[in-house]
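Kindly produce the complete structure, drawing on both the sequences and the hints.
Number of protein chains: 2
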Amino acid sequence: MSSIPVQIPAYIDANAKAFVDRLARAVAIPSISGDVNNRKDVFAMADFLEGELVKLGVSVKRAKLGKQVLDGVELELPDAILGTLGSDKAKKTILLYGHFDVQPALKSDGWDTEPFVLTEDPATGRLIGRGSSDDKGPVLGWLNAIEAYQKSNVEIPVNIKFCFEGMEESGSEGLDELIEAEAKAGGYFHGVDAVCISDNYWLNTRTPALTYGLRGISYYKITIAGPARDLHSGVFGRTVHEPMTDLITLMSKLVTPSGDILVPGVEDLVAPLTEQEKARYVSLDYSVSDVEHSAGAKVALSDDKATVLMGRMRYPSLSLHGIEGAFSAPGAKTVIPAKVSGKFSIRLVPDQTPALVDPLVIAYLKSEFAKLNTKNTLSIENLHGGKPWVADPDHWNYEAAKRATKAVYGRAPDLTREGGSIPVTLTFAESLGVNVLLLPMGRGDDGAHSTNEKLDKSNFLQGSKLLGTYLWEVAKS
Amino acid sequence: MSSIPVQIPAYIDANAKAFVDRLARAVAIPSISGDVNNRKDVFAMADFLEGELVKLGVSVKRAKLGKQVLDGVELELPDAILGTLGSDKAKKTILLYGHFDVQPALKSDGWDTEPFVLTEDPATGRLIGRGSSDDKGPVLGWLNAIEAYQKSNVEIPVNIKFCFEGMEESGSEGLDELIEAEAKAGGYFHGVDAVCISDNYWLNTRTPALTYGLRGISYYKITIAGPARDLHSGVFGRTVHEPMTDLITLMSKLVTPSGDILVPGVEDLVAPLTEQEKARYVSLDYSVSDVEHSAGAKVALSDDKATVLMGRMRYPSLSLHGIEGAFSAPGAKTVIPAKVSGKFSIRLVPDQTPALVDPLVIAYLKSEFAKLNTKNTLSIENLHGGKPWVADPDHWNYEAAKRATKAVYGRAPDLTREGGSIPVTLTFAESLGVNVLLLPMGRGDDGAHSTNEKLDKSNFLQGSKLLGTYLWEVAKS
Ligand SMILES: [Zn+2]
Ligand SMILES: [Zn+2]
Ligand SMILES: [Zn+2]
Ligand SMILES: [Zn+2]
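Protein sequences, first through last, are from chains A and B.
For the first sequence, full-length UniProt numbering assigns the number 1 to the initial residue and increments by one for each residue that follows.
For the second sequence, full-length UniProt numbering assigns the number 1 to the initial residue and increments by one for each residue that follows.
Everything labelled a hint here was simulated from the structure, so no lab data went into it.
One thing to keep in mind: the hints can contain errors.
No copy is singled out in the list; a pair is fine if it fits within one copy or between any two copies.
16 Å max Cα-Cα, derived EDC-like pairs, lysine to aspartate or glutamate [to be verified]:
| no. | residue 1 | residue 2 |
| --- | --- | --- |
| 1 | 67 | 230 |
| 2 | 305 | 277 |
| 3 | 64 | 173 |
| 4 | 298 | 230 |
| 5 | 92 | 193 |
| 6 | 375 | 304 |
| 7 | 61 | 268 |
| 8 | 333 | 381 |
| 9 | 17 | 76 |
| 10 | 17 | 381 |
| 11 | 305 | 292 |
| 12 | 40 | 109 |
| 13 | 64 | 74 |
| 14 | 375 | 303 |
This is the structure:
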């Protein structure tokens, strides 16, 4: 089978201005899912997207997700937008996921430009604005690609199902239930052959990437309580068991300064490293100075690139996030806090799961706490958890994306795993039982969730071609 | 020499209402030294007190202390009120210290009554109001006693010097310099024979106390920094040295859950315990359940009363107060904080001083930090420090107070040391080179600095008698 007809990428180049304008219209809608005052804007963004899909002939179904309580206000959850384009039994069906809500942004947070005005920087070609890269650019990238097919009079070689949501930045409330229901026989998603999600980033600023793994997480809150109220260290120092002393001692038993997790059994659950897998990290376009550049300081745990990358991608990590209830303001206060809660989390990798790791953590904390011989009390809460996810990077879905990358960018993609979580990935993988591909559009320095979020214009246009070419290539598999 | 003439305590009982009314007028002036808006009230309180002293024939000198900047506003420091009553070369001269400023208080903090309206609870006899016990009650107690002598036509058997300040709750700004200057030959305080301060509390709610020791303090802030900005644990977990891991590990090396200080050499500086001194703690009217009652939980470090009391009074303590810069809010945030500062302090006892202890702490922190093998950096700041103070509890100044206690309360006082600091005590002791006595009026549950601060009416009246009787007894020494 042939390569994608050249008029399709040519159409995208020729219509760059219109596509950037449409992205600007999308960015102008402040669809912040986490702010009560912007809920109407999330609905407006759903309307906008529905309108654009309908123009392309997509049959749209809006799915109600129920209500939530946010800051004491009962709100309607933003509709998820489901869509169907094509139902040719001879073709594969690909499910595309994206989200149309965004993180909060205020100019006063430190933005150089108005966050909800898409601003093109002529010097760098950056399209700056909240949601440009996360995730309005990629969502519109799919629409750009479909329009390019249609206006070029080229038949789209796959059936497409859409699942766009408006609550991703606020925990995807209601979505898991929807996906699970629609994955069943007779459901909207039943029978899809693969999933593609464009909602993450290249490893660096140079090399396109496909992502085939995500770490899971178990987040813990351990609370040590004793005195009925905060005490003065002058009066009570060395007369009572101090919760902070107990907590700091306990937290110091969790992880070493070099990152090794001290909870017995947790590291043992990690799948063994194969030579073939190791080779993948060695081959990635990455250097230790890349990580030090993003961290802003020479603080990498190792001077070996593959070790640093594997620390992020295929080994678990334990981070101590902070303490609630202790003195945390500037200045010098001589308080003995009465009740303090340490927060830490473990990023999980195969074959770890919360179900396997949590009991190890809890048993270890209890046994170390018992050694303290304190009269204070310990309680342990698991605040949230999610399993790690790894896909087969040699699956036809990935092979199609590799060929598409080669076609658009002239080079093979980095095959990456991410250190963080995108929980919906796992929901799709488990509910549908099909391969899921993460196909990022933006670069590693886009600054999703930060001030001055941007999407490089070349990534928007080449990325739209990449998504279109992926649809072409996946049909050949 | 005889006992105090009975008409003096009788006068105090007979004028109870007038004395409580005068305390109510003092409490009604919200002389909060830490609030810019109340600075005028601190001056008003100085005027009130000067007026009352002048009525008693005291020759008053107001001492200007210069200016301060508070919350960005330049303010005149409240005048200290110096006074002289009597200059008979045949009599001893006693310097009395007290303070007329108070801690902030708002009804909305949780007070059951208006904090600046002295409210008598008929059921308990409590006089509830901000400053009732700390320190307007004791300051007016001296005035009650002097008035009782004068109205009873009994000559006061000592010369009195007064030193009342209006900045005690805000670091006594300017006072040390004043005391040091006035202690020199030709100065206002030169030649005083002893000092008496009524500004602390009984150990319990039952037994009068004399206090002959205070712990000092060294307060430290240790900062560990690495990344240029906060990082996401998904992206950076197990790729960089995390400042929190380093800090928690370092803080865990400072003190054990049973209160032992791990910094080498610090405990070795503690003066050895003698049998005679130990006996004093054994004899105090105190129980482990008293400490557990005030802490609100059964968390005492020992079941042995003397051990618990010595932990507070004659051994150093190390408390971990908190961490600045880490995640401290409710909820679950997956941050790797870039720069975190641990705050801790050591309460010092003889023969420890900040000058001896600080180098031990700093050297130990540096050596333990080096063992972490981290690329993050450590900096150590000493936020403030003060030496411990211990007086001779068998000095004639204390013997006079013991006899006065026996006369008023019919029992020997507890001889206590406090775990906290009252820095002016050390300034008087060192500048004047004389014995300083802490002679508390209120009970251990008065709640100075808390909501619903109170002074029991019986403590106000018996305490006024105690102060008057102390002046009588000290003249006999
Ligand atoms: Zn996203
Ligand atoms: Zn996002
Ligand atoms: Zn006071
Ligand atoms: Zn006070």
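Here is what the structure says about each hint:
Taking CA atoms no more than 16 Å apart as the test, residue 67 paired with residue 230 passes in neither setting, with 39 Å inside one copy and 34 Å between copies. In this homomeric assembly, residue 305 and residue 277 come within 16 Å of each other (Cα to Cα) only inside a single copy, at 14 Å, whereas the closest approach across copies is 63 Å. In this assembly of identical chains, residue 64 and residue 173 lie within 16 Å of each other by CA distance solely inside one copy; the values are 11 Å within and 64 Å between copies. When the C-alpha separation of residue 298 and residue 230 is checked against a cutoff of 16 Å, the pair qualifies only between copies, where the shortest distance is 14 Å, while the shortest distance within a copy is 39 Å.
With identical chains, the CA atoms of residue 92 and residue 193 are at most 16 Å apart within one copy only, with a shortest distance of 6 Å there and 101 Å across copies. Taking identical chains as interchangeable, the C-alpha atoms of residue 375 and residue 304 lie at most 16 Å apart only when they sit on different chains, with a minimum of 15 Å there against 46 Å within one chain. Proximity of residue 61 to residue 268 under the C-alpha cut-off of 16 Å is found in neither arrangement, the shortest distances being 46 Å within a copy and 77 Å between copies. Taking CA atoms no more than 16 Å apart as the test, residue 333 paired with residue 381 passes between copies only; the shortest distance there is 14 Å, against 28 Å inside one copy.
For the homomeric pair residue 17 and residue 76, neither the shortest alpha-carbon distance inside one copy (35 Å) nor that between copies (65 Å) is at most 16 Å. With identical chains, the CA atoms of residue 17 and residue 381 are never at most 16 Å apart, being 51 Å at best within one copy and 56 Å at best between copies. Taking the shortest alpha-carbon separations for residue 305 and residue 292, only the intra-copy value of 11 Å comes in at or below 16 Å, while the best inter-copy value is 55 Å. For the identical chains of this complex, residue 40 and residue 109 are neighbours neither inside a copy (23 Å) nor across copies (38 Å), given an alpha-carbon limit of 16 Å.
For a Cα distance limit of 16 Å, the shortest separation of residue 64 from residue 74 inside one copy, 15 Å, qualifies, whereas the shortest one across copies, 60 Å, does not. Taking the shortest alpha-carbon separations for residue 375 and residue 303, only the inter-copy value of 12 Å comes in at or below 16 Å, while the best intra-copy value is 44 Å.
Comparing the model with each earlier hint shows violations of hints 1, 7, 9, 10, 12; every other hint is respected.
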